[in-house]
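Respectively, the protein sequence lines represent chains C and H.
Here the working numbering is used: position 877 in the first sequence is 909, and no number is missing along the way.
Here the working numbering is used: position 115 in the second sequence is 103, and no number is missing along the way.
In case anyone wonders, no lab produced these hints; they're calculated from the structure.
One thing to keep in mind: the hints can contain errors.
[Said to hold, decoys possible] Partner residues are not named here, just some residues of chain H that face chain C (Cβ under 7 Å, in silico): (1) D47; (2) W157; (3) Y168.
[As the list claims (entries may be wrong)] Listed next, with one range per pair, are the computed distances between beta-carbon atoms: (4) H/G78 <-> C/K510: 37 to 45 Å; (5) C/K510 <-> H/W154: 26 to 34 Å; (6) C/S697 <-> H/A62: 27 to 35 Å; (7) H/G78 <-> C/E511: 51 to 59 Å; (8) C/L907 <-> H/W154: 28 to 36 Å; (9) H/G78 <-> C/S844: 28 to 36 Å; (10) C/L475 <-> H/L164: 28 to 36 Å.
Using N, Cα and C, we set each Cβ at its ideal position, and we do this for glycine too.
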Amino acid sequence: MRLQAALFVAACVSPAAAIYRDEVNHIDFHHALLGAPSPDSTFFLKPSSASNASLLYTISDKSILGAVNPRDGAVLWRQNLSRAGSPAGAGILRGSDGNNAVVGAAGQYISSWTAQDGKLIWENQFLDGVVADLELLELEEAGATSGTRDTLALISGEGTGAVRRLDGASGEIKWEHKDESGDVAFQVSSSPTEVFYISLQSALLKGYKIKVTALDLVTGRQTRQYTLNSENDIPTPESVLFVGANVASPLIAWADKTHKTIKVNVIGTKQVQTINIENTSDHEIRQITIHAPHKLNSLPHFLVHYVTDNGAWADVYHVDLKSSAVSKAYQLPYIQGQSVVATSSIDANVYFTRITDSEAVIVSSASHGILGRWNVETSSEAAFSAISEVIAKGKNVAVRAAVLREAGAWELIRNGQTEWTRHEALIDAVAATWVEAEVQENLVHELEVEGHESMVGAYLHRVKRHARDLQYLPEWLKELPQRILSSILTDEVTNLDSFGVSKPVIVATKSGRVYALNTGKQGSVMWNTQVEKTSEWDVKSIVTRPGEVTVYIGDGSSVTVNVSTGEVISRSVPTDVKLQAILSLENQETIGIKEDGSLTGAFADAAAFLVTTSADGHVLGWSGRDSKSPVWEFVPPSGQKVISATSRPAHDPVASIGKVLGNRSVLYKYLNLNLALVTAVNEKDHTAGFYLLDGVSGNVLYAANQAGVDPSQPIASVMTENWFAYSFFGDVVDESSAKGYQLVVSELYESSAPNDRGPLDAAGNYSAVDSLPLPHVISQAFVIPEPISQMAVTQTRQGITTRQLLCALPESNSIVGIPRPVLDPRRPVDRDATTAEAEEGLFRYAPFLEFDGKWYLTHSRDVSGIKTVLSEPTLLESTSLIFAFGGDIFGTRATPSQAFDVLGKSFSKLQLVLTVVACAVGVTFLAPMARKKQVNLLWKAN
Amino acid sequence: MSSPLPPPPPPQWVVALNSPMPRPTKAAASIPDPPGFSSRGGKQQKQQQKQPIEKKPEDTDTLKLKKAWEIAIAPSKQIPMNAIMMYMSGNSLQIFSIMMVFMLFKGPIQGLIGTNAVFAKFETPSTRGRLMGVKAVYVLVQLGLLALGIWKVNAMGLLPTTRSDWLAWESERLPLERAYFAFR
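Using the sequences and the hints, build the whole thing.
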């Protein structure tokens, strides 16, 4: 027993339970996600004038500004521009070559960041509206510090618009032009001498007129103003196709409603030119986009891209700088399938990159000759936008293009080769679950069949199965030498894949997609399917069955998907009832829970009980006998409302039913599978109650009330085995209370006395309805440095390994695994531990619990936006899989008691083999010699 | 079949050996013995050997019993020394203390098994009854040594005497009803 205790202590207190450098990217993976990039605000940019290397900058629909390395798709830095309380607006990002800053805007905020490392230069908030447009002034003024460009910002408020010029170094306003005419502030554009403020003036009857106001670049004074009669063509602001920025001759372009003509106005002139669209295909034009270079010194050429339902073509136009006349230069032919065009410029030359289903083509804007052509792998996902960077080496050109796809993925195609793909839609992950790999599934299925047959039948089945398996023998033998070799040479001593450490994870996102991630291969995407065309997919749960997963949605429908291919196998129709949760019982039966906590249908098991929460903050208990009215209802006292409830995990094995004390007596754990921990909050008087309920009888077994709780801060709770933990922000209410984030851990025991199993004693089973003893609860509270948004507990196969309390920390963007021995509520207070207590692994209680650096499962990674942390046991008792999602995707393996059942990396198989070989060689040489000597000895003796 | 040949005459040295030596001449008899030689030595030895046989059988039994008692009591002298050693060696589980405890058990158990063998040489029909008491004392002393070993093992925590040692055989109490939780 003491030996066990000693091992136990060694296992828990050992300081080496951290992640080693060589384990990074081997046992863990991290997808640093940005969100779907905004096509207008994604560009290649050279962050430093000294180097020719460029980075990809983007701002996403989540207002996350990021710099991506075009070589491998890794995020170099990212900043979240969204602010709580600020009105949402589309994120805008601008940058220009040679400028060391990129300027981003989201909502009311404009901020400037150093392009190379993402450090804040300045930030400005405008209370009079949201930022509608941003421009960086191309020309540097004399006397301005080099590398900083002033920013033009267009602020759109309620019926007002304001153009402000912000200093590039400090963000201070240099001048502003206010427009209080009630027009819709639309865009801002600049030429080398003037700033154009484009607004949309409501016409008398319908539609908008385009009003252009020219402002002086230096003073901001209005120089002239004109209006374009466009009210028949522009019913909404979205109808304006293009407002060219920063070209020598900026453009405004719009099309008529029937897509017959395009009207172009060179900003600064009053004339509107009409271009007739020659639609030679049989299909209607669905979309027109205009691509023009954004650089000041580029040629004034632009491309109009027409997309129909099954093909696309493009026309290239030239603008005469003197007469402002627009003339058609050439046409890119109609090609079936999807097609996207990107613009890039080198010095004055403008290049258009067209990427279609089968090829990527580069043309110069000056002539229709094809400069480069590459074959492109066909992607199933439709591309909607692309950006490119062209490098010319003599006659040859090379291109790399980032293609934004509708799946929220973007990929980099370099000379026709897909270099990397980023699946940004994963940022919206709402539910995930582990599935068995296919091979395992088959075996499980076969074993199930065997389990249901008679003894002889099962035996025959098994013999047949093994006979069938023999066909793989030659293959297996062929692979054997390679396997042995690789196992000796590879870094990892044992390939753990067969121990269930590389299970695939199925992730469902809010955008209606289902992904399968391979946790064994750095979380790479195995397949992804657009299951539903929606932006608000209300996924309630994912249930796995052999070979398939079923996603249950809040409207009562469900989709079943094949695990290995992602194909949709079946769908069920939605019902008109909105569900808040879906429960999947063991017999594959599912029950929907309505918003008010009632059930959609009866469940068959009469001995089973069902516990739900209702929208009005009560907890309801239902019996299998009567699914119409609840058996019991828990209404939290004193005006509190239930905000969350947790129960023990479905897989929660208990290795030992008691806790052995230092004097080798036993404190028996209070183990009840039917426990629920309910968190209720009164938002008015700032109290929170944590209630331990029995799910069968509805009895309150334990209640803890906390005063001074801030309900707006995250309150997390978790329960497992015989203990539960919760955290909240507590304020000072009396002299003894602490202010700060608190973590409370409570353990449940049968009795306060050791060697006592409570009133039920050694009874084999009990009924909660008849008699349910109350637990003896021991609690301890800790002050923790930061809030915890989500809690979970590591799961292992048999529960022998010590558990870790997994906490998602939103403020430091990390996940911490607090070892359970640290959170033992029996730690002695105000005195050192006695020898007996030290044997148990207890040490002196300290009210402040600082998170040890070694506890961070995310180590140096910046894992942001985590909403859910999942844990899954593997076949190795020491190892638990962890998967976190909600913002970034993070997965790792946790070994709370170290990897005691796996050979360490220091174990050298080669050395072992060599030793055995050396011994064998030695024996073969020495054996004859020794024999000879012995025989000789016999002769000499006689 | 011819009759066997008569045996050859014995050699001269055999004849000389078998026939007694002729009496020494007078002159030879007058030669004094070398210093330290006693012509009667052999006779005296024979006399001495005969002496114990002459003793009474009761005396030998007493002597045997006395010897047996000594053997029976001998292990008890180890008890204090062993106790001190055991006390000193500590209760931790180390190879040294484990080996000492092993030896502590091995001695008495071997002694107990060989009880009869130890006293076999003192056993005569007349002493058998009285030897029973001696053996009993011997067994008691060995048991005392064993008790010391058990005390030591207990002190080391190797005896399943506490509740925690039987915890693995106790099973979890199972509820008759099962509740399912459908929280959002």
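H/W154 and C/K510 - C-beta distance against the hinted 26 to 34 Å: Because 53 Å falls outside the window, the suggested range is violated.
Range hint 37 to 45 Å (beta carbons of H/G78 and C/K510) holds or violated: violated (59 Å)
Hint check for H/W154 and C/L907 - Cβ pair distance inside 28 to 36 Å: Holds, since C/L907 and H/W154 (Cβ atoms, about 30 Å apart) stay within the stated range.
Pairwise beta carbon distance, H/G78 to C/S844, judged against the given window 28 to 36 Å: violated (47 Å)
C/L475 versus H/L164 beta-carbon gap, inside 28 to 36 Å or not: Taking Cβ atoms as reference, C/L475 and H/L164 lie about 34 Å apart, which means the hint holds.
Per-residue hint verdict: H/D47, partner chain C, C-beta under 7 Å: violated (51 Å)
Outcome for the supplied range 51 to 59 Å, where the beta carbon pair is H/G78 and C/E511: holds (54 Å)
Hint check: 7 Å Cβ-Cβ cutoff, H/Y168 to chain C: With Cβ-Cβ at 5 Å, under 7 Å, it holds.
Range agreement (Cβ of H/A62 with Cβ of C/S697, hint 27 to 35 Å): violated (42 Å)
Hint check: 7 Å Cβ-Cβ cutoff, H/W157 to chain C: Violated, about 11 Å.
Hints 1, 2, 4, 5, 6 and 9, counting from the list given before, are not met by this structure.
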